[in-house]
Each structure stands twice: as structure tokens, then as C-alpha cells.
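Asks: As a plain string of letters, each chain reads:
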Amino acid sequence: MAGAFPRPPDQGHGPVSWTDEEQARIEEICARYPTRKSATLPVLWMAQRKWGWLSYDVMKLVAETLGQPPSEVYAVATFYTMLKKQPTGTYLIQVCHTLSCQLVGAEEIIAHLKKKLGIEEGETTPDGMFTLMRVECLASCGSGPMMQIDDDYYEQLTPDAIDAIIDGLRSGQPLPLPRPEVNKWTFRSLES
Amino acid sequence: MDVPKPRILTRRWGLEGSHTLAVARKHGAYESLRKALTMEPSAITQVVKDSGLRGRGGAGFPTGVKWGFVPPPEKRGDKPVYLICNADESEPGTFKDRYCIWNDPHALIEGCLIAAWAIGAKTAYIYLRGEFKFVKDRLDAALAEAREAGLVGRNILGTGIDIDVWTHLGAGAYICGEETALLSSLEGGRGQPKLKPPFPAVEGAWRCPTIVNNVETLQVVPWLIEHGAAAYRAIGTEKSPGTKLFSCSGHIRRPGVYELPLGYPMIELLNDECGGLHDGRTLKAVIPGGSSVPVMTPDEVARATMDYESINEVAGSYLGSGGFIVMDDRTDLVAALANLLRFYAHESCGQCSPCREGTGWMHSILQRLAAGEATEFDIATLRDVANNIHSRTICFFGASAAMPVQSFLKKFPEEFFGRAGVDVPDDWQPRAASAK
Ligand SMILES: Cc1cc2nc3c(=O)[nH]c(=O)nc-3n(C[C@H](O)[C@H](O)[C@H](O)COP(=O)(O)O)c2cc1C
Ligand code: SF4
Ligand code: FES
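Chains V and D supply the protein sequences, listed in that same order.
My numbering puts the first residue of the first sequence at 1, with every later residue one more than the last.
My numbering puts the first residue of the second sequence at 193, with every later residue one more than the last.
Looking at chain D on its own, in the form it has when it is part of the complex:
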């Protein structure tokens, strides 16, 4: 589509040596930091609020509003404030944060420093999933360069402001992407989620006020300081301003990460950026926002645009992390769903019985169904298990495992009943039987 495609997150991607301080600085890195450190912290938060930037980790919560939840100094006493960057990136279908760091680590460091200054944090931790050791090495090298140049640590740019930034490596656990689990892990424990409230902004890392933001969210911040909230609002839609990175995978000719203004037509993302389907293939289904969000039909794909509102209105699904998984007519949807449920059964942290047991049951029913060994009664059980997990667990993982099942059964019932050797019953109710 011939809309402008401004490059905010990817502006330095592709430059030779974009990960080095010299190249990044030559192309504008740390100029926003210089400006931000002369601003009142509350003025920075106001810019972020005015920009309408929404968290890119999945939930789309307004970033400036979240920052505003940190209790003011008179209320928090002598407790320090912490900034945590969530670089756990483990939602299947999502692979943008890794390239953000790999291609432009200094944008993340600068974003962390500005955010830390805005919320009053003197320490920021970047929590990377354990498999990202190679990414962490590059980020650590960038941090060392920035520290050497007086951009990180004590007396930043001669302002007298001290902010340290450290990387912290996880060790293989999807659930550590959930913010309270991430904090448990950072504190040196098992990565198990905690009930909210208290929300991290009030009581987070080491029981101190803590803001957790995704990599992509923080990387936007320097641009906002440089260009202002109005310039950001001029891109995207009214409720979903700005650009977003889409991680595109599956049966497409050109998988990869694409930066597009929010509100971009989904079908054009598929046909233009992704290069369309392979020759002679037709579209079967799309998961638009990472494995946890409801699946979409080709008809819904044709009507939706890539923003938080449209995907929900058109398909009852979510933009999530922007992990766009395309499945063509070759795909066995029962096997695809069984694959996802194996993931959830493997990754449940085990604290809540509905999640721990339910993900395993759903996986085993789907495995049997995929093998043609299940009946229509098993499909009803599958539905009931999914309905009974949703909203009955400590963290949102339970719902994340239930939503794919609920949506596949609702939108593609013939695939599932067909595997049980029967037609879809006339009285089939995809959402029935939720114990109240």
C-alpha cells in the first residue's frame, strides 16, 4: 500500500556496523538522552503519555500511564525504583526484540536511560531469555562502549546523574516473560508468577516500585523525545498511534520482521511485505499476534487492519506481540493446535491446578484427535477444559493456552469433528459449559 512507512525502530538497521557506538552516534544515538537529561522527569512521562505509545510486550497498555503509577518520592520513602526491560521474547511466532537489540543495541540502552530518568530509577536491568547469550554478548559490548564514553554509569554526560544498566540472562522458561515471573527470576528464585495486585509499579523487584517494559516499547522512547508526541500521533490510528514491528513466519514467501504504521491492512502485510503465499496455495488461517491469541479465518484477514482495535472488532483476536503466523491449505489445523498445546503443557509453571493439569489434558486430547483416535465427546471435553482454565489462574498464561483452543474450535469446527469421523453437530456450542 502506498502509505508512508516511517522507520522509527528500524531507522539504523542495515547500516554497516549499526551496533557500534561510533556508527550509532553518527546517526543520532544519545542526542535524545542529552535532551532528556535537561528535562523534568515528569515532562518526559508527559511526552510518552501524549504520544499514545502502547506497550509492545503483548497487552498494549499505555506506557506513559504505567510510568505514572510509580509512587512519588514522598510516598515511596527511601525505596529505590527499578526499570526492567523485558527481553525474554518467548511467545512463539515472535522474534523482533532480538533483531532490535542485534541491529541497534544503543537505541535500547538510550531508551532504558531515558525511561529510568523519567521514573526515578538509578538502576535498569535488561532480562534476556537464556538462549539469547549471543545477543547478550553484543549488548554487553555496546554497554561497555557506552560506559567508557560516559553515557552509562556515574555522572552521565557530565550532568551528575547516575544510572546503571545491567544485562541479566534467564535460563530457559517461557513463563519468565510474564512480568511477575520475570521479577521472581531476577531476584534469584524460580520464575513463578505472583498474584496482582500489588502491581510491579508499586511493589515489584525486591518489593520496590518497578516498571517493566518490552524492548520495542523502550526503543521508541528516544524517537519520541527527539520528534515529540504529535509527530508520533501523526502515524498510525487514533487509538493505536505509531509504528509496530511485525514478526512474520509460516507459509509465506518472505518471512521476517517488518516495521509498519499501525492500521496497515492485514492482507497487504501478507501479500506485499510477506511476499504472499507460495505458488498455487490458498490461505487457511492466520494467528495475528503470537501463539496465544485467537486464530483468524481468511475472511477476517481480508477485513482487519494491524492495530489493537480492528483485530479485536473483526475477529475477537488481539495484536499481542505482533507475531504473525500464516498457515496455508496444506496445514493440518488439528496437528497445528496440538503442537501449540504441547508448548503450553511444557511451559506451565505448575502453580495453578487448572493450568498445570488442563494444558496437559488439552494436549493429550489433541494428540489423540490428530491421530484419529478421539471422538466427538473428547472435543466437548477439550472445549470444557479450555473454558474452565480461562480467568481461573494466577497469571494470564492459563488464558493464553485456552484462547487458541477456544478459537480453533469456534472457527474451524469441521476440521476437528472431521477428525473424529463425524459432522459438526447442529447444536454444537463452542463456548458452552463454563463452570461458574
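Next comes chain V alone, as it looks inside the complex:
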């Protein structure tokens, strides 16, 4: 069967379609490039922000929208690690564990997060709120250890800082964003 994907039994959302506003936005994006295909990543991003992840139906909609074969969109979506082929918790926590962060304590941060959340790496908390993952370098090497939660960077982490961040999200009173560390480009040592 040409163009068929393995289809999960329940994709967690009903039929998918764009609103008129979104459709107009997509046309605006397409107009920036010489080909509609070039809008694949921007439109996959739009879809992921709208539905939370890229199910079979969502990828098929993106393919139809851009006049691409579904297999092409699937091939693209599976190449990029940030495009979610399965749902995650409400907040996706990604901790950098590449060399510079490792040198300044990434493992301690991951251990603390596991304890705080009561889950292992790759797992989601039972209330569906947090998913914890390790990722490679996020260009934040001077302000490590660090993590990204959804679109935001949290840098110069300590166990106390992590508690404040997680407790804030849990209680519905998140710390203000962007975090002030994002504005600094040199950092005093954490060690006194």
C-alpha cells in the first residue's frame, strides 16, 4: 500500500484541520520560499504547537497542505529530534549532558530531577505533567548545567533552582520568563 504509515490505534485527538486563520498564515509562510516544500519544517512546527505532537493524521494533513507525498513529510519528521512522533507530558524537560555541561555537574542535575519528579529518564510523571529527557549540547555551555523546558532555557542550575522551577510549574505559578540568566553572557563562578 503506497504511502501507508503504521497507524496507532488511538491518536488522542479527533479529526484534524486548520482554521482559516492558520491556513492564511501557512500561505504567508509559503510565499517566502520558491517552493511549497520549503515550508515543511515551519508547518510541522505549527502543527506540533497546535496538537502537541505529530500523529499520522497530522503529518498527512501537513502533506496535503503542502502538496507533498505523505511519505516525504514522514521522512522529514523522523529526521529531526525535536519533532515529536509520540506525545509527551505537558512540560518536556531536556537536560544537556554534553561535555561542557558534564564538566560542571550535569549528572548531579539529572539525578536531582529524577528524585524530584520520581521518574527515570524517558518517563513521564503519572499526572502527565513532566517528561524528562537528556539531550546533546544546546549552545549554553558557559552557563551550564542547564536544561530546556519546552521553548525556554534554564541555566546555571542548582538543586535549589530546580526545586523552585518545578514547584512553580506544579503550582501553576511558574517563574517569570525568559529567565534572567539568558541575558548574561559572562558568568561569575558558582564556587566562592
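It cannot be assumed that every hint is accurate.
To be verified - Restricting the straight-line Cα-Cα distance to at most 30 Å, the calculated cross-link-like pairs of lysine-lysine (DSS-like) are:
(1) V:K115 to D:K325
(2) V:K114 to D:K325
(3) D:K267 to V:K60
(4) V:K85 to D:K386
(5) D:K325 to V:K50
(6) D:K218 to V:K184
(7) D:K386 to V:K116
(8) D:K218 to V:K37
(9) V:K84 to D:K386
(10) D:K325 to V:K37
(11) D:K197 to D:K241
(12) V:K37 to D:K386
(13) V:K116 to V:K84
(14) V:K85 to D:K325
No lab work stands behind these hints: they were computed from the structure.
Given chain V's structure and the hints, the job is docking chain D with the ligands onto it.
Replies: Relative to chain V, chain D with the ligands alone:
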């Protein structure tokens, strides 16, 4: 060191609201654009050539020379030319471009506009790594302000010149920093590198002539137009003119991004800008230019200066992207190298067997070695795998994964053999056994 430390890239950093058009303009932004749009495009390229500016994305290729590779209008027919700004910034240890955009987005927009005018492009795309959504938002806001003020888009500053600038967000793939992979990704495909030639300057995005430049490279351009090539050449060394941003991380008291003239002593970067090592620590090793370049010993660090030539002459390494990673005596170098190879094994795009398989093998050998479960024969295998990847792949990623292994084994063999429970053999040849 008491050399002058001119601020070219960081000149507006730290000003309150430096990312807004009003503040940027008050401090000189877009004056160079006004001047450049009255100049012949070829005259702009000549200024960049004369300045000796070298690409800051890693390879250090002369920027003006690259621009000169775009075929002239009579040869390219009706094909458009594109300018791409590489803001993928994913080489471990490198974090300067993000601050360039965050602190001074208008310098990048102005640099893109001037470069586009010089090479004959009507459209520029700034490709940011997917994790930089927050950076892209700030850049998009700056672009909207500039567009509103008639600085981007149609009829720029009333000159009749049209140049559009768009941002494009990646989605998590280190390899998309490699220019041909970036172009595949921009075109809406998987971010897989292509064989060169054809080089992008001749056949790039949508098979049209395309110039790809790093953020830092393009941000220098407005300064060059304002101050001229000679002023730039007066800074730095003869072969490495100007200043460079160094992203400093690891076991130092004051990590961060520092702008310094090229040719600055490495040991002073470490001791002064970086604030030195933590109390009671000694230096073990430094990776001077992002994770892909060969590692350096403390003795080499003491002798090298921060420029393209010295690092190569003293240590056989490279300035690369300027990602300066410092490791003190606490560092387990076997574990550090295993960490890097995990990165490369994870990020290989998988097209070339030596790279796809070799990075995984090197990672698993290093993991076993770090756990004390490997023998000296495994170390020889590790060396042979690295030697057999280098220069046998489509893109330079293969070499980028091999160079750390080759250099760690060459410069710190006792750490590796020690982990296998033996002394370094008398006849150990770090570079042997490359299949020809
Ligand atoms: C594996 C690999 C990764 C790269 N990553 C980046 C990157 O993240 N940012 C960048 O500007 N250049 C990167 N480059 C270099 C680009 O291919 C290209 O040479 C550069 O963007 C050209 O800009 P420049 O001439 O201004 O240096 C990478 C190259 C390779 C082989
Ligand atoms: S060298 Fe590695 S990353 Fe580059 S094209 Fe080949 S497999 Fe892909
Ligand atoms: S190593 Fe963690 S952000 Fe670069």
C-alpha cells in the same frame, strides 16, 4: 594583557534595550547600510576581501573570496542568488551566535542586508537551530521593527532596492550546521549533506547560487563598511585580522563569551578573561575551537596564541568556532572523550558507512574503556577506526568525530592505556594503520 581590546561585535552589548531598533540606531545601526547601498556591490566585496575577514563558522575561509565565487549575472542567467545566515550553532562548546543575536539582532539584519546587496541576493534566510525559538522570537521582533521602518523589504531607505530577510527554524539536528545539510533542510527535506562540488556559491539553495555565512561573520560586515578594511587589518595578526568571539566553558571561574583581537595569548585568555582555574586546580587539557578540533596539552596552551595559524603550528589543532573548553586535573579524559563520541554517534546523519558505523563503534569502545572493561587491543581498534573515517566521508563530520579521538590518543596515551591496566607500549603508533 595590555593590548587594546576593540569591541566590534560586542559594541552594543550591555546597552539597555540594545535589541530594539531605537537604541541600536542611536548607537549607529543601519548607517553602514545607508552607505553600502550607495556603493557598487563589487566595491563592498572588495572591502571585505581587503579586510582579510575569515569565516567564523569554523573553517576560517576568507569571506570576500567566497562572495567572489558567485557567478556574475551574465553566467547565472535568470537564477536568483540567495544569502543564508548560518545560526545553527550546534558545535559543542560554542555559544556565541546566540548572544550576538540576542544582544544585537539589528547588527545581524544589517550585515545580512549589506552582504545580500554585495552578492546580488534579493532574499536572505537566517537558519536558526530549533532550540533557539526564544532567540528567533527576538530576531523576528527586530525584523518586524526594521521592516516597519523601511529598512527591510521593498524599496529600502527609498533607494528602490528590495531585499527580504526571513528566519527559518530547524528542528534538532547538529548536522544541519554543515552548509549543504542546512540547505537540504531549508528546502524542506532531511538535513543530509551533499558532496561538494558543486559548491553552494555556484549551486546551492534550490540549485541557485548561494552564499552561506556564519552569524559572527555577517555581524562584522557593517563595521567594515563604516571603518574600512585597513582599520580591521590594524587589529589581530597579519593572517588572522580582526577580533573573534571566544565561547569559554568548563573548569574556569568565569565562563562566558569574550571578544578579543586574534593573536591574543591563549594562557591570558584562560587566566584573565576566564578568571583562571578554580583554587588548587591544575590544567589538564583544553579543546580550543569547539568539540571537533584536536585537544591541546598544558604546554601547548602556554605557547599558543588565539589565531588560525598559531594553534595549528603549536598543537596541530584549529581555532574552529572559538569554543574554548577547559578541563582541569579532576577530569577523566577517557570519560570526556566517551561523552564526545556519544554526541557524534547520536548526530551522524547515517549516509556514509564509515561515519555511521564508526562513530558508534568508537563510542562503545570508549564506554567500555571508561568502565575499565577494555584492553589495549581495543585501543588499537579505536585508533584504526578513527583513522579510517577521516577523509572517507561525504562531509567533514566524519573527520570532526575522528580528530578528537586521534588527538586524545596521541597526546594522552597514558590515560587510555592506564584504563586498560597496562603501560603505553614502546612501539605505540598513534597514527598508524590507516587503510589506503
Ligand atoms: C559537521 C559540521 C557542522 C557545522 N556546524 C556549523 C554551525 O553550527 N554553524 C556555522 O556557522 N557553521 C557550521 N559549519 C560550517 C558550515 O558548513 C559553513 O562552512 C559555514 O557556515 C560558513 O560560514 P563562514 O564562511 O562565515 O564561516 C559546520 C560544518 C560541519 C562540517
Ligand atoms: S560524514 Fe557522517 S554526517 Fe556527514 S554525510 Fe556522511 S554520515 Fe552524514
Ligand atoms: S555542553 Fe551543554 S549546552 Fe553545550
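Asks: Each hint needs a verdict: does it hold in this structure or not?
Replies: Quick rundown of the hints versus the structure:
| no. | hint | result |
| --- | --- | --- |
| 1 | V:K115 to D:K325 | 29 Å, holds |
| 2 | V:K114 to D:K325 | 26 Å, holds |
| 3 | D:K267 to V:K60 | 41 Å, violated |
| 4 | V:K85 to D:K386 | 26 Å, holds |
| 5 | D:K325 to V:K50 | 16 Å, holds |
| 6 | D:K218 to V:K184 | 22 Å, holds |
| 7 | D:K386 to V:K116 | 45 Å, violated |
| 8 | D:K218 to V:K37 | 40 Å, violated |
| 9 | V:K84 to D:K386 | 26 Å, holds |
| 10 | D:K325 to V:K37 | 21 Å, holds |
| 11 | D:K197 to D:K241 | 23 Å, holds |
| 12 | V:K37 to D:K386 | 18 Å, holds |
| 13 | V:K116 to V:K84 | 25 Å, holds |
| 14 | V:K85 to D:K325 | 19 Å, holds |
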